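Numbering (my numbering), first residue to last: 6 to 386.
Calculated from the structure, these hints are not laboratory results. Since this is a predicted model, take the numbers as computed values, not measurements. Glycine is no exception: its CB is placed at the ideal position from the N, C-alpha and C atoms. Hints are supplied without guarantee of correctness; some may be wrong.
[As the list claims (entries may be wrong)] Here are the simulated DSBU-like pairs of lysine-lysine, each with C-alpha atoms no more than 30 Å apart in a straight line: (1) 114 to 64; (2) 366 to 156; (3) 224 to 276.
[Said to hold, decoys possible] Okay, the calculated beta carbon distance ranges per label pair: (4) 245 to 22: 41 to 49 Å; (5) 249 to 325: 47 to 55 Å; (6) 168 to 292: 48 to 56 Å; (7) 325 to 97: 28 to 36 Å; (8) 342 to 44: 40 to 48 Å; (9) 366 to 17: 24 to 32 Å; (10) 88 to 198: 30 to 38 Å; (11) 295 to 325: 54 to 62 Å; (12) 120 to 203: 40 to 48 Å.
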Amino acid sequence: MKVAIIVHGKDDPKIVHELSKALAERRANIVDIEQNVFHNVFFMFLVAEAENERVFEIKDLEEKLGVSIDFKIIEKICEEKKENYVVTVLGRDRVGIVRDVTSIFMDYKVKIKKTSLTARGDLIAIEFVVSYDGDFEELKRRLKKEAEKLKLDIVIQPYEVYRKEKRLVVFDMDSTLVDAEIIDEIAKEAGVYDEVKELTEKAVKGEIDFKRALIERVKLLKGLPVEVLERIYSKVKLTEGARELIKALKDSGYKVAVVSGSFSYFTNKLKEELELDYAFANELEIVDGKITGKIKGEIIDAEEKAKIIEEIAKLEGIKPENIVAVGDGANDVLMIEKAGLGIAFNAKEILKEVSDGNLSKENLIGLASVLKIHSEFKKRI
Numbered sequence: 006m007k008v009a010i011i012v013h014g015k016d017d018p019k020i021v022h023e024l025s026k027a028l029a030e031r032r033a034n035i036v037d038i039e040q041n042v043f044h045n046v047f048f049m050f051l052v053a054e055a056e057n058e059r060v061f062e063i064k065d066l067e068e069k070l071g072v073s074i075d076f077k078i079i080e081k082i083c084e085e086k087k088e089n090y091v092v093t094v095l096g097r098d099r100v101g102i103v104r105d106v107t108s109i110f111m112d113y114k115v116k117i118k119k120t121s122l123t124a125r126g127d128l129i130a131i132e133f134v135v136s137y138d139g140d141f142e143e144l145k146r147r148l149k150k151e152a153e154k155l156k157l158d159i160v161i162q163p164y165e166v167y168r169k170e171k172r173l174v175v176f177d178m179d180s181t182l183v184d185a186e187i188i189d190e191i192a193k194e195a196g197v198y199d200e201v202k203e204l205t206e207k208a209v210k211g212e213i214d215f216k217r218a219l220i221e222r223v224k225l226l227k228g229l230p231v232e233v234l235e236r237i238y239s240k241v242k243l244t245e246g247a248r249e250l251i252k253a254l255k256d257s258g259y260k261v262a263v264v265s266g267s268f269s270y271f272t273n274k275l276k277e278e279l280e281l282d283y284a285f286a287n288e289l290e291i292v293d294g295k296i297t298g299k300i301k302g303e304i305i306d307a308e309e310k311a312k313i314i315e316e317i318a319k320l321e322g323i324k325p326e327n328i329v330a331v332g333d334g335a336n337d338v339l340m341i342e343k344a345g346l347g348i349a350f351n352a353k354e355i356l357k358e359v360s361d362g363n364l365s366k367e368n369l370i371g372l373a374s375v376l377k378i379h380s381e382f383k384k385r386i
């Protein structure tokens, strides 16, 4: 027979040992166990397998350990046929978040199997392991829409994908790692901001071909002194949480790359400043200290981004399912789709539709929770 045992009470270092000792003496084998301590309150759930009901004899440990021990005989344990998923919800702490999210789960008949919560300042991350027997892609689409209504960020992964160790994180640069569209900042200095801005918006939304838009925009920059680029970089701010996130990723052993449709002058400086492993972007042609209005070499568009990431992965011996890609616009669609985990950050609708989850502008650091990097996080209930 199988017996479910729940133990709770004031924490004591003897509890786990005494309980497991008592079960072993009665020839009861522990087949599953989970234990936590919250604010000095001990909680354990375990399933033990035994030939008879002698496991009930451990009830005498209650008085000795000062805990409550509850039992339930499980006659049959049926394996669920529903698929399991991991849903991570992020947002600013407020009353009612768990209620709001679980209400969505109820509406879509999603069964919650496990819940945990971590926090960093007033940013919280709630991780749900859930089961669902319907269309996963449709569920993902609905959950993203519902979370957006609640002003919450959400990432949804099949459990098997979630379990795959992520080893490479690839970021776009403009409006992702840096809080600006670099070409717009250059255009301001060149006096052609309105013309460039219009082309940039159309390209980001996928309304015009990225290559054509980039060529036309760069033409407008002809004659600008290269010194202007240094001045722009000195003024550009990193996105909130970017520096902290990159450090946490590097400290945890991830390879980190920036692959951008912007310009190598800036990605190279960013690589040096943040100690990134790789940096790729378009190279402006500069002659006699001035921008010529042309691009050197292959233009990095959506297809080229995807190729570059494949090359990095091959060089590092990393499989696609071990890659995380983070971007904001149409030029990031292919790399988001091909990565094991694709995150739309402060993104346009075209990218939100194909991503595994969405992060808003103030929540870039939330990626650390999604990837279970908790060195900067404290547990709380």
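Worksheet item: Among all the numbered hints in the text so far, which are the ones the structure does not match?
Response: 1, 5, 9, 10, 11
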